[in-house]
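Number of protein chains: 2
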Amino acid sequence: MSITEIAAAARKAAIQLAAAKTEQKNEALMAIRKALLDNADAIIAANQVDLEQAEKDNLAGPLLKRLKFDQSKIDGVCEGIDSLLKLEDPVGQTLSATELDAGLELYKVTCPIGVIGVIFESRPDALVQISTLCLKSGNAVLLKGGSEAAQTNRILADVITKATAAVGIPDGWLGLLETRADVAGMLKLDDDIDLIIPRGSNEFVKYIMDNSNIPVLGHADGICHVYIDAEADIDMAVNISVDSKCQYVAVCNAEETLLVHEAIAGEFLPKAKAALDAKNCEIRGCEKTRVIIDVKPADDQDWKTEYLDYILSVKVVSDLNAAIEHINTYGSGHTDAIVTANKATAMTFMDLVDAGDVFWNCSTRFSDGFRYGLGAEVGISTNKIHARGPVGLEGLLIYKWRMIGTGQTVEPYAAGDKHFTHQKLDKDWIGG
Amino acid sequence: MSITEIAAAARKAAIQLAAAKTEQKNEALMAIRKALLDNADAIIAANQVDLEQAEKDNLAGPLLKRLKFDQSKIDGVCEGIDSLLKLEDPVGQTLSATELDAGLELYKVTCPIGVIGVIFESRPDALVQISTLCLKSGNAVLLKGGSEAAQTNRILADVITKATAAVGIPDGWLGLLETRADVAGMLKLDDDIDLIIPRGSNEFVKYIMDNSNIPVLGHADGICHVYIDAEADIDMAVNISVDSKCQYVAVCNAEETLLVHEAIAGEFLPKAKAALDAKNCEIRGCEKTRVIIDVKPADDQDWKTEYLDYILSVKVVSDLNAAIEHINTYGSGHTDAIVTANKATAMTFMDLVDAGDVFWNCSTRFSDGFRYGLGAEVGISTNKIHARGPVGLEGLLIYKWRMIGTGQTVEPYAAGDKHFTHQKLDKDWIGG
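Sequence order for the protein chains is R and G. Per the working numbering, residue 248 is the first one in the first sequence, and the count goes up by one each step. Per the working numbering, residue 248 is the first one in the second sequence, and the count goes up by one each step.
It is worth saying that the hints were derived from the structure and are not from the lab. Accuracy of the hints is not assured; some may be wrong.
If chains are identical, the list can't say which one is meant, so a pair holds when it fits in one copy or spans any two.
No more than 16 Å apart at the CA atoms, straight line, and that leaves these computed lysine to aspartate or glutamate pairs for EDC-like [claimed, not checked]: (1) K281 / D329; (2) K674 / E425; (3) K526 / E658; (4) K355 / D615.
Quantities reported herein were computed from a predicted structural model and do not represent experimental measurements.
Let's have the full structure, built from the sequences with the hints guiding it.
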């Protein structure tokens, strides 16, 4: 099938899937779980083919590790399905109920978005996580994984679609895309795809955002800050700075710039430098920083750079407002943290920093769907509409306005013969 | 100021306005109300200049009526401000609270989107409604009204910004754009504008959507359907069909296509035709329709057309599924209604029709923010993310994840030494 046909089939399936009952969706999830375990040998064999090819292609060690899909990875995604099974069905929740007039009731009820296109990295477990999240939330999904994982992704998609078809989930709800040309084609299908979630390099995400009219949920940059206030506990400040930077440097929620109040810089910076040196982390500092510690100079470009590496830029600021101003100028609206013992200072920081995630006295690395307790995550959004920060099931939902009348026409209300009551109703949508 | 400077000032103001207290925002609303009444004479005089120019330019009668801004219109917008004052502050609401671990608490709290660009028609009352909605929701706003209303809009913007400055609302929160070049400039400012809400002709909205990377909330087409089921009450079906089509034809929530189950078409169509004839509404029918009533033929183009006029296309369908299929193929996801006495049929229709607003036994014309009881509306959205259908205050909000720790780092959780509790907390965000 062409990408156009796959997307049209997904649209058709999405309509039916939106109306699927909770029991049927959970039955499908259990069928997927069973099929993954039943087909474990074949899945692992297919993954072996990908791994051998990847070794021939001299793929780097960490990438090989992510590509590997063995029994323990299969057990891991099955645990994920177990937790998804326990979650309440997010579809069909009544967000509001209003009596407009006697016998005229309006309900705002959650529903799936429709067809979600997800482009993800080389981890095959992402295919299972994303497709099961979409299934639970009643969305059809088009998946494009890394080409390194082609054999593994193909068998996983096959196992999942066969398992769901057997319990009556409509064909076409999961479409697997395999080529770069498919991705380019997908970007043009705004009639059949409602949302694109790209995971990958910044350049790639920017390319998607610039080349499609379809809404994109995701983030290009993750330029996260930690601000050490004058009233910070020094040990806590060092720990949080180092963890935010070094716990895992290659990710979007890692700290890239450390901001330090000038009143505490003299005491804090030498201790921070010692701890960062121990992790072999390079420091690039502003002029005021370099008066206190011996580090390379930082320039304007450093404040704009997501290093994704053992490099940290450091700036000494005159006060809280200067820190907030720096973050709102150079930040990417992802995650920014303050370390301070002063509650009022923390509240001002959290009110005025314009980011999806604002933290007080903890590491930026907590900004993550699993750590937030959302179950799985489809991605992290720096968008300012729809969904922000780590996005789980909720970000895959929208709502319908459902109104039940008894023959009402607008004319008598427009003529002033009838009047709206607009009473809040304490009841849920009748369907389901 | 250039559009770039106006937008940058709005961004700066938005940061402060997001943190404004409820009392201050309400004080500002009261100040606007008072200033509008105090300056009524000057506002009406400015409007008189616009009206005289419009008469010279031979503006059509209905447009002149919309342009007019007299004492009763001023009283009307003041009533709107009164109702806005009574609404709870939508900002700072705790959507969820979770303990991640002892002393590590995560709150999802509503906040304004930031800077909203609104392009609206020639009604000057829209300027007051939109700006006060944005103020209450803590958003800065860039407004571009119809050029016919230039003098009226200028004095209204001036009166409003002076009134809000006097109570400490940051300068720049309301920017008035006056030229078409400003609109084109606005579309490029994705760093400083978070959302564009265009109200106007379909072509114009499509132009905006195609020419900006900024998210757009709105609708291009409003192709609404009424489906008369086999089990419909005939009188109700006729009333709803006529009201949906003729109560006000020039609007997006007016019916454009009537679908009729073949089992009831013979009885229903002659009565519907008589009622529509009485309103001088032209009917264009499919072949099956034309066997029953004598009307012009409809072709495929009719199913895709938003007439916004006294024209209705009619199609006889074989069953409910054919009706749903037609709507999902040709509809614009705006508002679609079913008339039936059968609840199960209605539920299936409302589950499977993919539209923002799905109605049972009432007119499509109810699809409106005022009628829904949302207070004012900034527009109607056919988007499938963020906000759908009539959009009031809620559509102008997003949320921030706010986390409070006591020095936690991620490393011990990653190493398995500490574990998340993920307990739901029954409390609200501490700030405010």
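Hint-by-hint comparison with the structure:
Taking the shortest Cα distances, K281 and D329 sit within 16 Å of each other inside one copy (11 Å), while across copies they are farther apart (59 Å). For the identical chains of this complex, K674 and E425 are neighbours neither inside a copy (46 Å) nor across copies (47 Å), given an alpha-carbon limit of 16 Å. Within a single copy, K526 and E658 get their C-alpha atoms only as close as 73 Å, which misses the 16 Å cut-off; across copies the closest is 13 Å, which meets it. Taking the shortest alpha-carbon separations for K355 and D615, only the inter-copy value of 14 Å comes in at or below 16 Å, while the best intra-copy value is 29 Å.
Hint compliance for this structure: hint 2 is the single one not met.
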